[in-house]
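For reference, the chains in residue letters:
Protein chains: 2
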Amino acid sequence: MKHFGICFAAFSAAMMLSLTAYAQFGRPAPASLPEGFVPSEANLSGSLYPAVNPKTRQVIFQFRAPNAKQVSVNQSGKTYQLTKNQQGVWSVTTDPLEIGFHYYTFNVDGTDVFDPNTESFYGGSRENSGIEVPESKEEAWYYHFNKDIAHGQVRHCRYWSEMNGVERLCRVYTPAEYETSPDKKYPVLYLLHGGGEDESGWEVQGRVGDIMDNLIAAGRALPMIVVMDSGTPRSFGASRAKNGVDVTKIFVDELMPYINKTFRTLTDRDHTAMAGLSWGGVQTWQTVLANTDKFAYMGGFSGAGNFSGPGAVQGANTPETAYNGIYKDKDAFNAKMKIIFISVGTNEENPVRETYKILHDYGIKNMVFYESEDTAHEWLTWRRSLREFAPLLFKTK
Amino acid sequence: MKHFGICFAAFSAAMMLSLTAYAQFGRPAPASLPEGFVPSEANLSGSLYPAVNPKTRQVIFQFRAPNAKQVSVNQSGKTYQLTKNQQGVWSVTTDPLEIGFHYYTFNVDGTDVFDPNTESFYGGSRENSGIEVPESKEEAWYYHFNKDIAHGQVRHCRYWSEMNGVERLCRVYTPAEYETSPDKKYPVLYLLHGGGEDESGWEVQGRVGDIMDNLIAAGRALPMIVVMDSGTPRSFGASRAKNGVDVTKIFVDELMPYINKTFRTLTDRDHTAMAGLSWGGVQTWQTVLANTDKFAYMGGFSGAGNFSGPGAVQGANTPETAYNGIYKDKDAFNAKMKIIFISVGTNEENPVRETYKILHDYGIKNMVFYESEDTAHEWLTWRRSLREFAPLLFKTK
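So the protein lines, in turn, are chains X and G.
For what it's worth, my numbering labels the leading residue of the first sequence as 1, then goes sequentially.
For what it's worth, my numbering labels the leading residue of the second sequence as 1, then goes sequentially.
Don't take each hint at face value.
Identical copies carry no separate label here, and so any pair may be met within one copy or between two of them.
As the list claims (entries may be wrong) - Capping the alpha-carbon separation at 20 Å, the derived lysine to any residue pairs in SDA-like fashion look like this:
1. Lys147 - Asn260
2. Lys365 - Glu177
3. Lys69 - Asn107
4. Lys84 - Phe263
5. Lys78 - Met163
6. Lys261 - Glu371
7. Lys185 - Arg264
8. Lys397 - Ser181
9. Lys249 - His377
10. Lys397 - Gly36
11. Lys328 - Gln75
12. Lys336 - Asn107
13. Lys357 - Thr265
14. Lys69 - Glu348
15. Lys395 - Asn347
16. Lys185 - Gln75
Think of the hints as simulated: they come from the structure by calculation, not from any bench.
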C-alpha cells in the first residue's frame, strides 16, 4: 500500500559509488547484519530482515516461531527450509535470486503466513510479503525517487459502476505539470495489472509514479495521465481472485467516460493508449481490438492476445480469424495502430514471443518487441517494459 | 491500502430496510454462513470470514492451521481461544464486540500472524488484519460511498524532506469541486493519525474520503483540503514505530510550504486547521500552540496536550505554565483560537476529559467537547470526531 522506498535524490553522486554503497542508499547496513547484507527496500522502516546482499543477490529470510516444527519460505516457486536458533528464530540464506521485486510467503507447519517485517503487497489474490533484490545502479534510476525533479501524484478516485453495482476504485497518475498548467489537456494511458493483483499493483509494486516522473523529467516521455483500475469486475460476494473476465465494457462504457469527465484529457484515439501485464495484456488486446476507434497504441507486457497458451484467442488461433479478423485488412490495420508493443523477460517462457513473430511475419507493422534481460514473469520486467513503452506514446503523427 | 467497502448508494432506500438487510449491502450473507452472519466489510472481496452478526455484534473468526496446537485471536486486548474442526480449520464465536473498526491478530502456537482474508491495515507499527462491526444505518451513512453525490480524490504525493533525508509521502484529500473550480482556493485541515499508524490511517481505516464527500454534499462542511502526512519523522534505519516525536518543524517548515506550493490553498491562519487522534492530538497541540500565527482551529480526538497521563506537557502541568504560558493571557488566546475541539469515546479512559475541564474552567473559550457513544479508543470514535469537527471549520468570522 505504501511503498516508502529508497531515494535516488543524488543520482549522479550515486553513479560514483560502489555497488555496496549504492544499496545502502535505502538503509545503511546495521552492524548486526552479516557482512554485505542490507535490509530489503520493501521492508517496513526499521526491519532488518529480510536482508539482501546486492553483490551475491542472496537473501536471508527470518521468521520468529519458537514452537513451530517446520518453517519454509516460498519465493517465486522455489522453497527453502529454515532452521531454528536458540531464540526460536528461524532463518535461511538463499541461493542467488533473480533481480527485482518478488512476492514470498512463509509456511509454518503447513500454514501460509506473511512476514510482519515487510510492507503489504496485493498479489496472488491476497496481501503478501515482498522483497527487492536490487539491480545495478545504472539500471535502477528510473524507478526511484529523485529529489531534483518535479513529481506527479497518484490519485485514488472512486466512481460508481452500474455494471458492477458497486463503487470502483481507480488510481490515476497525473504529471507534475498537471497542477500548474490548468488549461492543458493530456493524453491517457490505461494500464492494467496482472492476474491475482489489483489496482494497487502499478502504484506499489510497479512504482509508476517514479517511472513516469523520471521519464518525463528526462524528456523521454511526454507528460501523460496514467489510469490504473481493477482488471476484475466486482460484484457483491465475488472474489477479487476471479481473473480473466473481460473488462472491455466497464472500461469503455464506464471508466473512460468517468476519466474524461473528471480529468483534462485528450479524448481522441491518437491520444489514448492501453497496456497491461500478463493477463492485463490479454485484456488489453480484447479491449483495444474491439475499440480501435478509441485507441491507437497498445502494449502487452508478458501477456497479449496470443495464438496459443493461456488466454489464447478462443476458436481463432490464426491472424486471419483472431479478433473477428481485424488483422486481415493489413493496410487498414497498419494505418490505424501506431504502436503495438510486446515485451517479455528473458527468464520466462511466454507465448508472446510467438505472438510477436506470427503478427510480424503476417505483415503487421509498427510493432516493437522488447526483451528484459535477466528478469522473470515479475515486476521488474514490467517496470522496464513501462520504461520502454511510455516514450513511444503519442508521438506518431 | 485499498478499502473497497460497501456502498450506500441507495441510502434513502436503505433507510427502509431492516438491520439485517442493511448489513447485506456490503455482501449478501452466503448460504454457508450461520444465520444472521455476514462477511465483515474489511474482508477481501470473496472472503466469508471473519463474519459478523450485525444484530448481536458477535464475530466468527476462522483460521486454517491443520498442524497447530493452539490458535487464539486478540481483538482489542481481549483474547479468544479457537477450536479446531476435522478439516484443520480453527474457529471461535466471540462475545458481542464494540461497534466500529478493530485491529486483530491471530496467534498460532506463540507466533502472531495476520488473517489472509482481510484487507491490510497499518497499525501497531505493522500491517494488520481488521474487522468492522457495523453500527446502525442511521449512524453509518457518513463513512460510506454515496453514488448520488460528487466525489473528491485522495492524492498520494511525495516530497523531499531535508530534515529526514528521505522523501516523505503525504495523502491529500481534495474535494470534488477542486477539479471544476480552477480559480478557487481552499482552506486546509492537517489531520494526523495515531501512534503505530501512518499516513494511510485516515484514508483506509478513517475513510476520510467518504466522510468529507458526504459532509460537503450535505452542506454541513465547507469544501476543504485535508492533508494526511506521517506523524513519524523517518530516517534511514529508523523504525516507523518511533512514536511521539515532535513533527512541528517538519510540518511547518517542509510540509506546509510543499502543500501551499502544490495546491490552491488559502494560507492564512483563519483558513488553516490541525487535528489528530490519540498521539496525533498531542502533536497537534505541540504544533499549533507553537505556531498560532499559522493555525486558528485545532482538534484532539482521544488525545490532546494533556495535564496528566501519557503525552502530558513536560514540566508544565498547569494552564499557567503549559506551552510556554500561552493560555495565560486568556483574552489574547481566546481571540486567536476560533475552535478548540476535544473528543473521546464513552468506552475509553482518557485524560482529555480532564484537559477539557481544566481549560474550560480556567476560562478558555471556543471549546467544543464531543463524546462518541459506545465506542472505544478506536477508529469509529475518530470517524465520528471528524464528522463533528469538520463542520465547525473555517466558518467563524
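Hints versus structure:
no. : hint            : verdict
1   : Lys147 - Asn260 : between (31 Å within a copy, 18 Å between copies)
2   : Lys365 - Glu177 : neither (33 Å within a copy, 44 Å between copies)
3   : Lys69 - Asn107  : both (11 Å within a copy, 16 Å between copies)
4   : Lys84 - Phe263  : neither (54 Å within a copy, 52 Å between copies)
5   : Lys78 - Met163  : neither (40 Å within a copy, 42 Å between copies)
6   : Lys261 - Glu371 : neither (37 Å within a copy, 41 Å between copies)
7   : Lys185 - Arg264 : both (5 Å within a copy, 19 Å between copies)
8   : Lys397 - Ser181 : neither (24 Å within a copy, 33 Å between copies)
9   : Lys249 - His377 : neither (28 Å within a copy, 44 Å between copies)
10  : Lys397 - Gly36  : neither (51 Å within a copy, 61 Å between copies)
11  : Lys328 - Gln75  : neither (43 Å within a copy, 62 Å between copies)
12  : Lys336 - Asn107 : neither (50 Å within a copy, 58 Å between copies)
13  : Lys357 - Thr265 : neither (34 Å within a copy, 54 Å between copies)
14  : Lys69 - Glu348  : neither (34 Å within a copy, 41 Å between copies)
15  : Lys395 - Asn347 : neither (31 Å within a copy, 61 Å between copies)
16  : Lys185 - Gln75  : neither (43 Å within a copy, 49 Å between copies)
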